[in-house]
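Position chains E and V relative to chain B; hints supplied.
Residue numbers (this note's numbering), protein chains in the order written: chain B, 2 to 578; chain E, -18 to 267; chain V, -6 to 443.
Hints are computed from structural coordinates only; laboratory data are not their basis.
Any given hint might turn out to be false.
To be verified - These stretches of chain E come out as covered by chain B in the derived footprint (C-beta under 8 Å, 3 or more residues): (1) 157 to 171; (2) 176 to 186.
Claimed, not checked - Negatives, chain B to chain V, calculated, CB over 12 Å: (3) K113; (4) N124; (5) K332; (6) K386; (7) N402; (8) R448; (9) G487.
Quick reminder that beta carbons are idealized off the backbone N, C-alpha and C, glycines included.
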Amino acid sequence: MANVKLIDVSKVYKGNVRAVTDFNLNIKDGEFIIFVGPSGCGKSTTLRMIAGLEDITSGKIYIGDTLINNVEPRDRDIAMVFQNYALYPHMSVFDNLGYSLKCHHEKKEVIKEKVNNVAKLLNIKELLERKPRELSGGQRQRVALGRCLIRNPKAFLFDEPLSNLDAKLRVQMRSEISKLHKQVQGTFIYVTHDQTEAMTMGDRIVVMRDGYAQQIDTPVNLYEHPVNTFVATFLGSPQMNIFKVKLVEDKLYLDERTYLVVSEKIKNKMIPGYDGEELILGIRPSDFDIATSEDYDFKVSQIDLVEKLGNETLLYLDLPGREENTIVSLKMDMGDDLKGPLYLKVNKDKIHLFNDKEESILKINEFNYIPVSLQLCGEDLIVEKEHKISHFKDKCVSEINEINQGLIRIPSTSFTLSRKNDDDFEVETIIKAKDVRSDANVYFAERKEDKSRITFITSKDEHLKIGQNIKLYAPMSSLGVSDDEGNILMVNDDIIKPIIDVETKRIGKEYYILHQDKAFVKAHKFLLIEKIYDLNSKMLLCVINQKKEKMSLRIERDDDFFNGMLLYTKTVKNKTK
Amino acid sequence: MNDVLVHKGMNRKVKRVLGAVGIYCILLVVCAIFLFPCLWLILSSFSSTGSLYDVPGFFPESYSFDAFIKLFTDTSNYNYPKWLLNTLVIAVFNCIFSTMLIIGTAYVISYFQFKSRRGLMKSALVLSMFPSFMGMTVIYILMTQFNFVNNIWGLVLIYSCTAPLGYLVQKGFFDTIPQSIYEAAKIDGATNARIFTTITLPLAKPIIVYTALTSFAWPWSDFILPKLLLIEKDNWTVAVGLMQLGQNEFARFAAGSVFIAIPIVVLYFFLVKYMVNGMTSGAVKG
Amino acid sequence: MKRAFRRLGTKISDSWTNFINFFKVANVNVKASMGLMGLGQFMYRQVGRGIMYLGVEILGILFFAIYGFQWLIGLFTLGTVQGDPWTGKDGDNSVIFMLLGLMSLILLILFITLYISNIRDVSRTSKLVLKGEKPKNFREDLKDLLDKKFYKTVLFLPLLGTIVFSVLPIVFMILIAFTNYGDPIIPPVLVDWVGMENFVRIFSMGDIGPTFFKILGWNILWAIATTLLNYVLGLLLAILLNKKIVKGKFFWRLFPILAYAIPGFITLTAFKFMFAQGGPINNMITSNGGDPIPFLTKDGTWWARGIGLLINAWLTVPSVMLLATGILSNINNDLYEAAKIDGASSMRQFKDITLPFVVFATTPTLITSFIGNFNNFGVFYFLRSTITSDGYFVSNDTDLLINWLYRLSIDKQYYSIGAAISLIIFIITSSISLIIYVKSPAYKKEDTFR
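In isolation and in its complexed conformation, chain B is listed as follows:
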């Protein structure tokens, strides 16, 4: 068992067809992770890259601590279940199960014992002498599973294993695979196009489209906090209803007369600057409810279709802001008395808002920016006259001589409710709203000093009340620093030095660095870009790892740069700075 790490993995097929782009994922040991998306989204390609069946165009994949980019599939110690089972048709079930052990030169008795154990576990003991073609689909699937289990590999890969089975068997195998995961405690990586499979089985789900990972999160978070309309409409059945609306102050207008008022919680999550703009509103069918004639959001005079599913009732009706029918799901039996106008209400804490690029504008701030006074003091930087960032000059990514004001950047996750160090940065706030996630609580608060918004994330155990006054503390080591225009001055606490402005030139497929400086590294060397940061709108900051020392280069923006790319250094003479 091991964790699996993908860093900036890309796959480009011949003819410049991008199948997967900059895929980053850290799969924990024992985790059940699911790749889901429509066909052609790159989910299978990613899985096959982990398996070693496809070459990796760029990026790195680790299984455990080993880089496996150039390791053959058979040396990766993984097991895989294929969509069409891929059993060896000429071998008996016994030989199918034992083949991998045979390849690893196990003794005959050991093979026999292990095969019998697995057969017992999967309930296929009486099938051992049969050939695959004499088995039913479900039995073949079990044998394919058994072939994986027999080896105790570092990771189990599943490539749409249930899509060839009929609906009933699929549900059964689904629960069996989930049980199996609990039993063997292995790292499961599972590809499917079926959102129900994804939602029911996975610890975490990766939603993919066009080669990009759209969102990586737990099923609950994906359902409740989709990052864009694609994720929002892909997961959940029936689909989320999408409306065109206009935001005016705190009202969302579906047409001239109909509007919804934005709740406090949503307001806190909303990225500012969208007032007066056209937005996309998403409401899940289950977030509607019956209302009274006094307090309602929508009054509907006609229902086009009623579908009774037993535990819920689906209504198809027309609402403003949307050309197609809107689906409303009600958790009750409506009976047949659907005469007269119907009053509907929306759970306004659960609406979803997207901008014209279809990206969610409800976002929990990853960083809080707080304006502060700054002061250089030798090598160090003094924040608000009392906190010290030592060796600031070494960590700074641009050359500055003087600075008075700027922003400090505090990650939402690094706040604590009690002081841990003497020099912790302190913020006084009032809690305004709360958002519950599957793994954490998110609080939206207001900074007392200047009423700016602060977001902080705590573990689920800590419960705070809305309206409560609270002091938050952030350790100095977690801070980043920008100047008052937002340009990054310090990325994090790492020492990244020296910083050099370089000019790049592209020849053919390779990039060259032309540098005039007294060589910070020898010329005629390849440099591996470890990480790229946006420095500002014009420049990129590339961190390279040279002889275990981190260095940074400032390079003019170019979309063709990617993490893990090789740069070639070259000295250019007769060039002045």
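Below, chains E and V without anything else, positioned relative to chain B:
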């Protein structure tokens, strides 16, 4: 109204019966056309007189086993047993070598995605467009220059070495083995060599049998190359030898032909299914 | 055209600048391998690879110093000293010169390829090392030959065989077409390069030209007629046997398969006897008081041509039938049922479903059978190989180009003319198949060349 319907129905029945009769008549004629020359040859081989001229019509007047007996006993001029042995040796070794080379080539071209793959396939296509004859004359010239004529091993060598160019049918078969089986084996920890021996070869049994049988059968019917390269009578193959028999030796020719044709025909009846599959897959895949 | 040249120009200059850049970028090890093959590999401690590349370089240089260079020159001179068997003087054998020259040319190409692969190899290793990986050692290389590079192991023998027995002869033949090799200029007489002279002889109205055009005309006519005849008959037979009404399909199919299975030389010889002047047919005619018909004799031009056509049909219709049967069984039955429900007559069904499907699936085989028939050696070789017609140069009025080629090269040893004709045949057949292939629906609709 009803009458009309019944009448129409009757009409259709009559038409159908007439059609069936017509079709069966055509089939009978066709079969006769195909059967007649064979029948003629078989009956002639049992003719008691050897020459073509002694028979007034198609079929001999009296029958005996003379031709067959002479074929195996009278070896002074025409050494049929020796020819049989030569051909058998060539066929067996050609069967072994050609099958190995063709199956290997087809497997590699079908399964591996290496850099020069398309280039190789295109070159093979271009090479197959040259008249096969063209190379043969050169081989003949070279063989005479190096005094390597009259050697059945030379024939085996040339047959086997030119065989891999006809890999397309076999490749069509390998293309039908799903990639995922290979991938599963790879993940199970098998090297490509191991996959080839434990997965590919067992799965390819039908096409191996097909290839082996066709390469075994080929030397029995090829006459161009052996005729070029085998000068001495004792080194001839059956095909070359039988071709030399004149009209006076017609019964002997017929007997010799029937003797080798029967096993080959039986072989083909077993192979027909594969052949059709091979031909159609070749047709679709180019 | 201009644009193509310009594109070629930029391509060349691009690859040149790429090479210059590659050279500038190359590290010491790569440059070492450029100087001495295998040196860079040694510097990466890849001793096995280093020894192999170094060995190739040493052997290559030794070979070219001692033999190869001379042999290459021999390819151009084709020998300078005329031998004389009377006096026992050993001269130069032009054919051997040509062969050795060709061989050393192939070896030279191989050597250059290996040199380039040596540089590529070391530069690949240098990039691996940069990324922090270990260069492969010799044992891993050997293991790769059974795994990642297993295809190299398997393809080695077939490639060698094909090069020696297919490529080399064909190149040799192409070279011969530009010499005067052939009776009476046969070693020990010295052979010379003559440029396009053989082709000029074929296309001009001397001794060979008229024969060539006559044979070419008949050859084209024959190829078209016989291909169409076989195709139509085979298809009809298959459709007939595929009818639901026909019972015992297996039995009926046995007869065509019988014809298909009997070795061709047996049937062809048998037919020759059947239509011979003293054969059974003429025997029956004369015994009934008629005159014998000159089926295959010198005067029976059109008799012989017609009989050839029919015999070829007898031989190849069964294979077309088998192929069409296979294709017909692949047609989805739902199509017919849908058509029936739509009210299509059986004639319509045939026209709209069966025919397009079969034509689509068989176009590639139609081409190959056309080429096969264009070069159909057997039929007329057996029927009339001993006859020479008036006005024909070493051939008769039923000979195809391929028969003529055989008679010229094997019977008469006119090698250079034969080689030139081979080349012409190749150009005709390959351009025809290329044109048809590109225009065929199978080619247009899918990538048939997988």
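Here's how the hints hold up against the structure:
| no. | hint | result |
| --- | --- | --- |
| 1 | 157 to 171 | holds (count 11) |
| 2 | 176 to 186 | holds (count 4) |
| 3 | K113 | holds, 28 Å |
| 4 | N124 | holds, 36 Å |
| 5 | K332 | holds, 45 Å |
| 6 | K386 | holds, 46 Å |
| 7 | N402 | holds, 37 Å |
| 8 | R448 | holds, 46 Å |
| 9 | G487 | holds, 35 Å |
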